[in-house]
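Engineer: Chain by chain, the residues run as shown.
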Amino acid sequence: MTDLALLLLYQALFASVPILLASLGEILTERSGVVNIGLEGLMLLGAFFGPLTADFLKYRLGLSLPDPLWPLVALLASALVGAVVGALHGYISTYLAGDQIISGIAINLFGAGAVAYGIQSYWGVAGYKQVPDFVKTDPTAIAAFALALAAFMWFLLFKTRLGIVIRACGEDPEAAFNMGVDVDKVRLFATIAGAVLAALAGAYLSIAYLSVVTKEVSAGRGFIALANVVFANWNPALAVAGAFIFGFFDSLSYWLQTLGVARYELTRIIPYVATLLIVAGAIGRARPPRAVGKAFRKE
Amino acid sequence: MLRNIHKVFSDGTHALRGVSLDISPGEVVALLGENGAGKTTLMKILSGVYRPTSGEIYIDGKPVKFKNAREAMKFGIAMVHQHLSLIPGLTALENVALLSGGGLSPISQELRQKVAAIAQELGFEVEWDRDVEELPLGVRQRVEIVKALYWGAKLLILDEPTTVLSPPEVKSLFQVVKRLREGGRAVVYITHKIPEVLEVADRVVVLRRGLVAGEFKPPYDVDKLVEAMVGRRMAKGVERVGQPGEGAVLEVEDLWVYEGGRAVVQGVSLRVREREILAIVGVEGNGQEQLVEAIVGVRRGRGVVKIHGGYAYIPDDRHKALLLEMTLMENSIVGMEDRFAKRWLISWRDVEQFASKLIEEYNIVAPGPRAVVKHLSGGNQQKLVVGREFSRNAKLIIAHQPTRGLDVATTEFVHGLIVEARNRGAGVLLVTSDLDEAYKLADTIAVMFKGKIVAQGPVEEMGLEYVGRKMAGL
Amino acid sequence: MRAGLDIPLAVAAAFVVGALAMWASGYDPAASYRSMLLTPLMDHVYLFSALAFSAPIVLTGLTFAVGLRAGLFNIGAEGQVYMGALGAVLAAYLVKGWAALPLALLAGISLAVAWAVVPALLKSLRGVNEVVSTIMMNWIAYWLSIMAVSTVFANPLQPEESVKTPPEARLTPLVPGTDLTLAVPIAYAVAALVYVFLKYSVWGFRISVSGQNPLAAKSYGISPGRAIFYAFAVGAAVAGLAGVLQVVARPPSYSLARNLANVYGLGFDGITAAMLGRGHPLGVVLAGIFLGILQEGARHMQIEAGTPFEFVRIIQGVIILFLAVRILRT
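Protein chains in written order, with the numbering used here: chain P, 15 to 313; chain D, 210 to 683; chain E, 87 to 416.
Heads up, a few of these hints could be off.
Claimed, not checked - Derived DEER-like restraints, expressed as beta-carbon distance ranges:
(1) D/Glu336 x E/Leu106: 51 to 59 Å
(2) D/Gly469 x P/Leu176: 45 to 53 Å
(3) E/Leu127 x P/Tyr268: 46 to 54 Å
Rather than coming from a laboratory, the hints here were simulated on the basis of the structure. Note that beta-carbon positions come from the ideal geometry of N, C-alpha and C, so glycine has one too.
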């Protein structure tokens with residue numbers, strides 16, 4: 015019986031990785047004062063462009079690389095896509111003082127469309143494609159990276175001087191500006207970093223965890239990551255716990271389905287219901303960075 | 210040294226009209242004046258937070274220009290603001306360290322030691338690793354002082370430092386100021402409280418309405434100081450006719466309002482009768498804002514608030530009363546929209562007529578009722594608010610700093626409206642820090658200090674000097 | 087006014103980006119755009135089909151637009167549409183005559199409004215961000231609907247669909263051989279009603295005030311909490327109606343597809359319509375028609391030029407991205 019429980023926990027850990035990565039990215043972004051609700055779109059784009067680039071380079075361009083390198087190519091490609099989209103959102107949110115929520119919605123829409131369109135146009139199948147074997151990789155390495163990243167981010171935000179600067183931008187940008195901080199630049203970089211992580215989370219989904227690219231591969235995880243940021247009270251250490259809880263419910267739903275305990279569709283709603291309950295409970299004591307979501311204007 | 214500084218803000222207020230000031234090292238200069246006199250603005254220009262519209266700043270004889278506070282700090286000028294500018298969510302130490310820029314290294318031991326040393330030199334201790342949000346305001350102020358000194362401040366500006374302090378903390382603050390002077394640094398001490406000036410200042414400069422109204426050296430004559438601050442009392446204006454009635458339009462019983470764990474309004478009880486103007490005077494920040502918000506329903510309070518016959522509300526900031534993106538006519542009916550509805554639907558033609566009348570009656574300079582409010586000037590926006598509120602024909606009028614930032618003619622006009630409404634039977638709760646205004650209009654004056662009403666009585670019995678002292682907590 | 091220039095600029099920019107994407111993936115932009123934009127206008131059957139596509143989009147666009155007025159980002163239209171459709175299917179299951187129609191409307195709209203209560207409560211009582219809560223509700227609705235259609239409401243004769251709407255309860259095409267049913271004028275009429283509500287009703291005004299400046303609203307006796315509730319309720323009702331109409335007024339099947347194909351994505355299309363229409367109900371109608379043409383055109387584009395029809399969503403995303411900047415500029 016304990017074997018079963020251990021297996022469940024083990025699976026929960028792997029299920030938690032995409033949420034953890036995206037949450038960590040968003041924590042960094044929101045701590046600097048920008049809100050990016052386009053995580054879902056970024057995940058989709060990362061999940062798609064990773065394998066796509068590898069496939070393209072290998073089969074269309076005939077590039078030859080040692081086997082272990084291909085997953086890295088995929089990760090790099092998705093990180094790049096994340097960076098570009100993140101730069102766009104970051105630029106809109108800071109220097110152009112645009113509406114951050116609308117921009118995030120746009121990214122989600124674009125991501126959904128681009129991935130659905132891309133799967134169809136590149137692989138000629140509708141909405142569902144098995145990831146080619148050469149790009150697939152073991153999830154353990156990325157999972158370890160995610161945990162290490164959580165530790166690093168905690169250290170960065172709370173123990174280094176750069177962390178002080180980042181947090182100042184999110185709490186009181188005027189005061190920070192008066193202290194000589196280039197608020198817009200800090201926010202831009204934090205947004206890019208966050209977007210890269212969200213895209214990597216997507217890449218993990220397609221090349222390491224689910225081994226498929228579908229037009230729905232993220233299944234709401236981007237928004238669950240947003241909820242996790244609140245649950246974690248913008249603290250990377252707590253984000254690990256939160257991601258694990260969500261991962262647990264995610265695996266639980268698959269388990270229940272495999273064991274035939276409940277109908278497939280009912281099990282699929284478990285993670286979402288859990289998210290709602292957790293967010294409703296958490297929001298009372300959570301304290302967001304004071305200036306998050308508001309563009310910064312110098313007087 | 211500041212010379213001939215003018216400052217006009219983006220909303221049209223001419224805050225400083227040519228002020229010149231000299232400061233030498235090792236001296237404590239008190240900048241005295243009422244709220245709105247321009248003291249904070251002047252110092253914010255000196256410390257780099259604002260830029261002057263015209264005028265120059267010289268340091269050691271050389272002209273300088275500051276782009277932000279950090280640049281001013283390079284020249285050794287630092288300001289400790291009244292609403293402290295520490296960044297919440299960061300610890301005290303982190304706030305000091307912020308100026309050292311980014312980098313992956315943690316805060317150095319050296320910084321920590323130096324900071325502790327400065328604190329010791331000034332005679333106090335601070336818990337450096339606690340989030341500043343959790344620190345009491347008195348401690349936060351000390352952190353700001355240490356921060357300024359760590360980064361090499363030679364001129365320290367303290368803006369209304371005692372508003373947030375308890376009496377024993379005030380005593381230790383005076384000690385700190387003395388030690389700063391002994392250390393050869395210059396201190397500019399902004400205040401409106403005369404007793405403090407008597408304690409610490411080597412020199413007193415009085416500002417009134419954006420101009421220097423007087424400069425004094427010890428020994429200080431309190432009456433002369435008050436006169437320079439407040440100016441002569443304004444003469445006539447509209448006459449109050451009739452006595453306050455018996456019925457009450459507003460009853461407040463034992464009202465308590467809490468903010469951040471502290472009680473900012475402590476057991477206030479008051480009554481405004483028909484045909485009465487009750488003026489609550491006091492320095493801003495003694496709970497007046499929260500009192501008004503609790504009465505109006507924006508803030509929750511404990512206690513009883515009873516309003517008889519509807520209310521009109523003029524807030525201290527017109528942004529609290531207007532919807533800048535909407536048109537003038539839309540703004541004109543906020544809170545009254547159901548009066549313009551015939552069978553569930555609002556008749557916008559009626560509203561347009563009403564708004565046009567308002568424009569005419571209240572002399573609002575605007576292209577028309579369909580003008581978007583954010584394009585109106587500040588003064589006209591205020592007139593719109595005043596016009597709307599007086600058109601409610603409510604029994605109770607709550608006016609919070611109704612003439613702040615308005616020119617003389619408009620101020621007179623608003624005063625006239627208030628008195629007329631009162632004469633027609635309305636009760637007015639006037640919350641103001643302008644004593645001229647209070648004395649001109651009020652039937653009854655109450656003084657608010659640190660959340661309590663510390664004095665109240667008919668205007669004939671409340672002498673200016675007595676009230677002034679009560680406002681200062683004496 | 088500069089504001090009027092934003093929309094055409096954003097759309098044009100989106101088409102340029104789209105052309106680049108198409109060219110990069112090996113499709114012909116010229117042929118694709120021709121099919122997408124011109125073909126629907128060439129035949130009245132296609133045009134009516136475009137209008138039929140526009141009807142639910144107009145409705146879900148109204149949902150988002152009303153939310154915006156109240157200062158909310160109500161992304162829950164997607165799930166509320168599913169609930170509306172579910173209500174219609176329930177009615178079809180229970181009643182076998184013309185009575186299924188009013189029952190469908192009642193059940194569908196009520197379910198949709200009930201679906202909005204959870205996010206509304208979470209926002210008013212616990213301050214939960216409505217973006218996250220509405221998306222969660224969307225996904226829950228998605229799975230519940232699929233389950234319902236696969237089990238209880240399954241159509242024994244055609245397993246990829248739910249039970250069909252009884253023939254007497256259907257809203258059949260007004261012009262034979264086309265898709266144009268009463269759904270289209272109903273949707274536009276509802277848009278007009280919402281316009282009247284927002285501009286002329288007392289609570290419509292209060293919603294606007296509350297959305298722009300909740301502090302001022304509270305100071306003068308308007309309760310922002312109630313305004314949020316009404317905004318959610320009206321939005322959900324309209325979305326629910328869209329769901330009902332997709333079941334009751336969609337030839338040839340008049341049922342809910344097992345994979346929810348005839349209701350999927352309507353919520354997000356509505357967001358695009360609301361943004362293009364700048365949150366104004368009449369603008370939403372025009373934007374809805376435009377998007378309907380795009381949707382109809384995209385189907386032709388897939389047939390004639392081979393470009394996948396999902397391309398439409400890329401265009402939508404880019405349009406909104408450009409609009410995100412303009413929004414605060416004026």
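Engineer: With reference to the structure, classify each hint as holding or not holding.
Structural biologist: Evaluation of the provided hints:
1. D/Glu336 x E/Leu106: 51 to 59 Å: Given about 58 Å between the Cβ atoms, the range holds.
2. D/Gly469 x P/Leu176: 45 to 53 Å: Cβ of D/Gly469 to Cβ of P/Leu176: about 30 Å, so the range 45 to 53 Å is violated.
3. E/Leu127 x P/Tyr268: 46 to 54 Å: 48 Å, holds
Hint 2 from the earlier list is the only one contradicted by this structure; the remaining hints agree with it.
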